[in-house]
Structure formats: structure tokens, C-alpha cells
Amino acid sequence: MKDFEPKIVCFLCKWCTYSGADLAGTSRMKYPPNGVVIKTLCSSRVDPQHVMLAFSEGCDGVFIGGCHPGDCHYQSGNYKTKRRVILLKKVLEQLGLNTNRLRLEWISASEGKKFAETMKEFTEEIKKLGPIPKIGCK
Amino acid sequence: MKRIGVFICHCGINIKDTVDVERLTQELETYPGVTYIENYMFMCSDPGQNNIKNAIREHKLDGVVVAACSPTLHESTFQTVLKESGLNEFQLEIANIREQCSWVHNDIEQGTHKARLIVKTAIEKLKLNESLYPVSAPVTKKALVVGGGISGIQAALDIADAGFQVIMVEKKPSIGGHMIQLSETFPTLDCSQCILTPKMVALSKHKNIKLYVNSEVVSVDGYIGNFNVKIKQRALYVDPDKCNLCDDCTEVCPVLVPNEQEEGLAWRKAIYIPFPQAIPATYTLDVDHCLGLEPIACGKCREKCTAGAINYDAKDKIIEEEVGAVIVATGFDLYPVENIPEYGYGKYPDVITSLQFERILSATGPTGGEIYRPSDGKVPKEIVFVQCSGSRDPEHHLSYCSKICCMYTLKHAKLYKHKIHNGQPYIFYIDIRAGGKRYEEFVQQAVSEEGIVYIRGKVAKIYKEGDKMIVMGMDTLSGKKIEIKADLVVLAMGIVPSEGSHDLVKTLKINTDDKGFLSEAHPKLRPVESLQAGFYLAGTSQGPRDIPDSVSQASGAASKVLALLSSDKIYHSPIIASVDKDLCSGCTICVGTCPYGARELDEVTKVVEVNEILCEGCGACISACPSGAAQQKNLTDNQIDNMIKIIASGK
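Line by line, the protein sequences are chains A and B.
Everything in the first sequence is counted per our numbering, starting at 1 for the first residue and increasing by one.
Everything in the second sequence is counted per our numbering, starting at 1001 for the first residue and increasing by one.
Check before you lean on any hint, since a few could be wrong.
[Said to hold, decoys possible] Here are the simulated lysine-lysine pairs, PhoX-like style, with alpha carbons at most 25 Å apart:
id: 1; chain 1: B; residue 1: 1242; chain 2: A; residue 2: 128
id: 2; chain 1: B; residue 1: 1207; chain 2: B; residue 2: 1242
id: 3; chain 1: A; residue 1: 90; chain 2: B; residue 2: 1645
Hints listed in this document are in silico derivations from the structure and should not be mistaken for laboratory results.
Using the sequences provided together with the hints, build the complete structure.
So, in C-alpha cells, the structure goes:
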């Protein structure tokens, strides 16, 4: 039987985490290929509906990367993201989904290593959780 | 449907080794929307760029996906290719298959699979991209500088010297700020007035600078490049053009008021000149204390003034100005010393602040530079300096370091020793922070040659016994309790944003940090810009700093302003928010979400509008909008949803 390969959406803010992901690349750090990136200007652009759509379309995990607290290019965008993720996790819980399928991390442009390690860790975690169960919110 | 061309780069072997570009090309050939596809060794090379240009022409492409390295590297290269081919540069998408794919994977199957998903998401996004044009607005070639201390003066002179008009607004009757109060300056011990007054005069004589003293900014409307400013100038009871500085008025004035310039160590009259070198060079009337404004009560100065410069009927004025940029240099105040009752300030006249000691040291000060203690005029033989008074004490007072106290306290001790050779200075300190150029040398010289005693520890209590001040503290190096009988105690007070800056930031709608200092756009890379476009920061309004740093920052802020004023128009990225007026319910959730004040409810239509110049495009409002009325141009919900669907399909 073929191993389960999770499908992961990664929303990365342009200023910090996207640059961090680029740095992981230029440093030739290896991590699993499961996460595919959607670049936003700020993590606060990630609408909770995008996260729900990702899960309902069959993604197994959603990753959101933003700048460290205090470093947001847009002053407070990452705090807004944090609050939204806390609320979203409550929604996931009510839907019977494991809240670990959604992960928010602060990764700066200089933390290529942290990006690669987080991708490894998150992919492993989703592998353990298995494929996303069907949720009916299309 | 859009005719999309996809161009896959090998990047030599950088991409080709882990992404099977030939297979990828074949697989995507039939993908909906793809009109033309090719791969090439180096897409960013001249031949590579020409391939794209030719394909745009031959295949009538109206959108281009370049699958290559990170957009950070070559997005602008390929945008130029599009522009040169007559296409809008926003019809380009970069699929990052190098940094975020080929370089982080070893397996060619995995790499090719992921690259396919990345390119497909780029194609899906591009399908819905609009052609966008930079938002532009004209620039008013004039700057406003708020605050006339050294930072404001430097910034104003830099801008004016470059040929642009400057409006300077100062709250007090003279410019000069705190620096003009200082005696000598560290680490060179040159006289503060000697270096500052020429700059003050240069400012007052500059043909490009208009100075408003006794004035405050009451409102600022508009946006970067186009601000409308209202300035309130308090009534000028003394006409600066007529006043000939004869000083006859002060002789007859019967009112005595503590002198602010002397930090309360001397008196002044209700009509006075703040200090002899004041700019503008004129006397000023303190309306709160003058008796002459009450009919018949006084009027002595007006009678005496042969120049006819005094007019009790003067009124406040509102001045309107249009400017393109604003520099905020509102300076600092000392932490209120009353907050530390155990130090006895106010109770004992021989406990004074660092700024008061500056005045005692100053040749133009109340003692003419001779060191006498305030209570009885005795020359202090033992003097205790208390650093970190109210700073670096998160539990009781300010949490942060004031940055300059280590240096000026040492300067105080040195100047004291230079004047009172047999005197003994003691300095209570926590750490010595001497990071500036030649600062450490300044400290070392004092410690080895000047006989200053440093005691590492905090002072717990100061009280009076006989005619001595008893300073009780702890020497944390030896663990012993210390008690010093001193003649004078000088408190190196913490630094806080200047009084009134709180109201000003509300007027200007700019941000502050949790301490009340102005927030920079980025702590490392944009230290002189505010997050609000068009506002720039200088000096201690942004945080404690010394004169060299203040001057450098002021020139930095001026250079940013000059870059802005040198353009006829300002351009702004069009990747910003928009509102679908049919969907907007006017709930205003987005208004509160916007950190830039770029959203406003139109009271007539009850629909929220976006000020395109103010919007920075973060997108926080879009995710907050409950009705989907708010959208980000070229990153709409539909675009993101379609990209998600590609990733979810796994194909």
C-alpha cells in the first residue's frame, strides 16, 4: 500500500515567512514536498473561509506563517491572524477535526532552518493524523 | 479566456536536476488556458527574455507565467519584459519552483509533482488578474516640521537647503529644545550653545523656512503628498518685528514666575525673553500670569515700550498650510520625579534633577556656571549622582533604559571636578552603557584620572540630617550597605515622550509604542518612517537618544522627505483593497481593522470607501469583511479559492 501523502496549503506572508522559505531553499535544506505555498502580503489576508475551504476540498493540513509579534510589516496584522486562528480552532473542534491540522507559526526571513524543520514536523504530524475526514461545508 | 504563456526555466541544473522540465512542459501543454508553453536553460538571460517577447507577439499572449526562481530575484525583470511587449506588468505570475521546490527536494518525482502544483496555482491566479496601474497623486513640495529642538532644526535645515519650503511649528516661545539648556556636551565637552545657536540663527534667517512659535498643530487632513494642516498660533502680545530687545519691559513687570528655561532655579517676569539667544529674537508675554490683560490692573510694560511692540488685544490665529510630508520631532520630558517620593525631590531643595544640574553648570545659567547648592548657596564638597532614577525599574517605574544618563552623569561629575578640584563625586549606577563613538574612552579617562567613585547599586532612600543629605544605598559588588553624607544629590531621571505629544499623535493619527514613543515603520530597516505614509520621525520623540543620533536621524528623515518632494507625483502599489459597493452593508468592521485609517464610511451612501493612497494592501480588512464586499486587487477570494482547489486536488 502506498504511503499516505498529506496535501497541505501553506499561506505565507510575503515579508517574513515567504522569505524564510526562500532562505531554506538557498541554504539547500531538505523538507517534505507536501506543502504548497500561497503567498499573501500579510498573514492577516488569510480569511477563515479559505481555511475551511481547504479542509472541505480535501486538504489534510493548513499552515499559516507570519512575522514574529512586533515585527509585522503592517503593524498588527499577525495579531489579527493569531486571534482568527484561535477562533478557527474552536470551529474545527466543533466539526470534530483535530485542531492540530491547522498550524500558525511565526517564522522570520532569517529563519530558513525553522521553516524547514516546521515543514518536516507539521507533515509528520498530519501523516499521523491521517487523511482528512469528509466535512460537509462546501 | 486569457491566452496564457508558460515559460519554465531550467536555471542550468538548479531546477532541472529535481524537476523534470520536459515532462512538466508536456503535462501542462493541454492545461486549460495555456496557449503556449516552452522551457529554456536560462529564462532570465537575454535570449530567454527574447523568447518570451517573441511568444507574446506570435501567440498573442495576454498573460505570462514564468516558472523559475523566487519573485524576489527576477519578478521585476520579467515585469519589464511584459511592459516592453505592450502587456500590463500585473499580467505576470512567477511560479517559484527553485527556492521553494527544486532546491529543497531530492526526488525528481516529488519535485516534478510539486512544481506542477505550483505552476497550476500560478496559472489559476493569473486567469483572474486584472491589469493594474500604480495609484498616483501629485505632491505638494513643502514639508512641515513639528518641534524645534535639535532634531527638528536639523531636519528643517536639510530640507530647506535642498531648496524646498519648510514650515516649522514650535510649542514654546523659542526654538532650541532641551539641547539649548545643556551646558557642555559629551564626549567632547564642547559648549551646547556654541554649536546650537548658529543653527538656530541659520534657521531663522533661511529664506525657505517659515517659523511659527507659540504654536501647535490642531489638525492634519489628507494623505502623503497632500496634507492640509491647521496650526493654532497663540496670540502674540509682543510684535516680534517691533520689539528691539531693550529689556525695559521686564524691569517694570511686577509679576515673578519660576523660569522654565532654568528648570525653576531662577525667576522670570510675566513679560520676558526665554533666554538671551532666543529665536525668534523677541520678548514674549506669558498670558497665564500677565496682569495687563485684566483692564486697569497693570499695563506697565505697554506704557514703557517705546517701540510700541506690545498689544494686549492680540488674538489667537489659525494658520492653514498645505504640505507634502510631516516630520515629527516632539522630543522628550523627564520622568516625573514626584513619582519617586523616597528620593525626597520637592521636599529637599538639595535634591535636584539632571536638567537642573545642567543649568547650574551652564555659563548662562542662574549661577553663571558656578556650582552652588540651591538651599544655602554653599559649594557642595560631596555630591551624589543617582543614575537610573525611574528607569530600568519595570516593577515601579519605567522599564527601559534612557540611554544617555550614563554619559551625561559622568559629564556632570567631570565638569564638577573641573570646577571644584577638592570635591568628591559619587555615582550610583547599575551598568555603564557607553556605546557611542569615543564614549568608552570618555568613561575610562574619568575613572582612571578624575577620582570619581562609582558605586554599583541602587539608591533606596534620600533624607536630610543637619545640613547634609544622607543617601542610603547598597553596593551590590561588595554586598554592603552604603551611606553617603552629601551636600547635593543629582537624579539622572528617566526619559518619557514630551508632554503634549500624546495629543499630537492623535491629531496626526500616527502610532506610538506601548511607552508612548512614536513607532517606526520597521525597527531596523525603516527607522525614520512612520507606518503612516508621509509622516517621518526624528529625535527623542521616537525613543531616548543622544545628540549625534538625533541629528543623524533627523537628516535621515529629511532625506526621505526630499526623495518624496523631489517627485512630481507619488506612486503606490495598486495591489490594494477595493469595495464592491453592491455587497457592502456599511457595517464598518473593516474600518476598525485597517491600521492605516484608509477606510471610511461614506455617510450618504452608507458604503465604505478605500483611500487608495493610504491603503498598503495588507488585506486584513478583506478577511474581516463578513459579506465579501472587500476584496484585494489581484488576490481576490476567488483567486485564492481556485489556488486552494488545485492544491486540494493534488494533481
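Going down the list of hints, with the structure as the test:
Distance hint between residue 1242 of chain B and residue 128 of chain A is unfulfilled; the C-alpha atoms sit about 86 Å from each other, more than 25 Å. As the CA atoms of residue 1207 of chain B and residue 1242 of chain B are separated by approximately 20 Å, the hinted pair is consistent with the 25 Å bound. As the CA atoms of residue 90 of chain A and residue 1645 of chain B are separated by approximately 24 Å, the hinted pair is consistent with the 25 Å bound.
In this structure, the one hint that does not hold is number 1.
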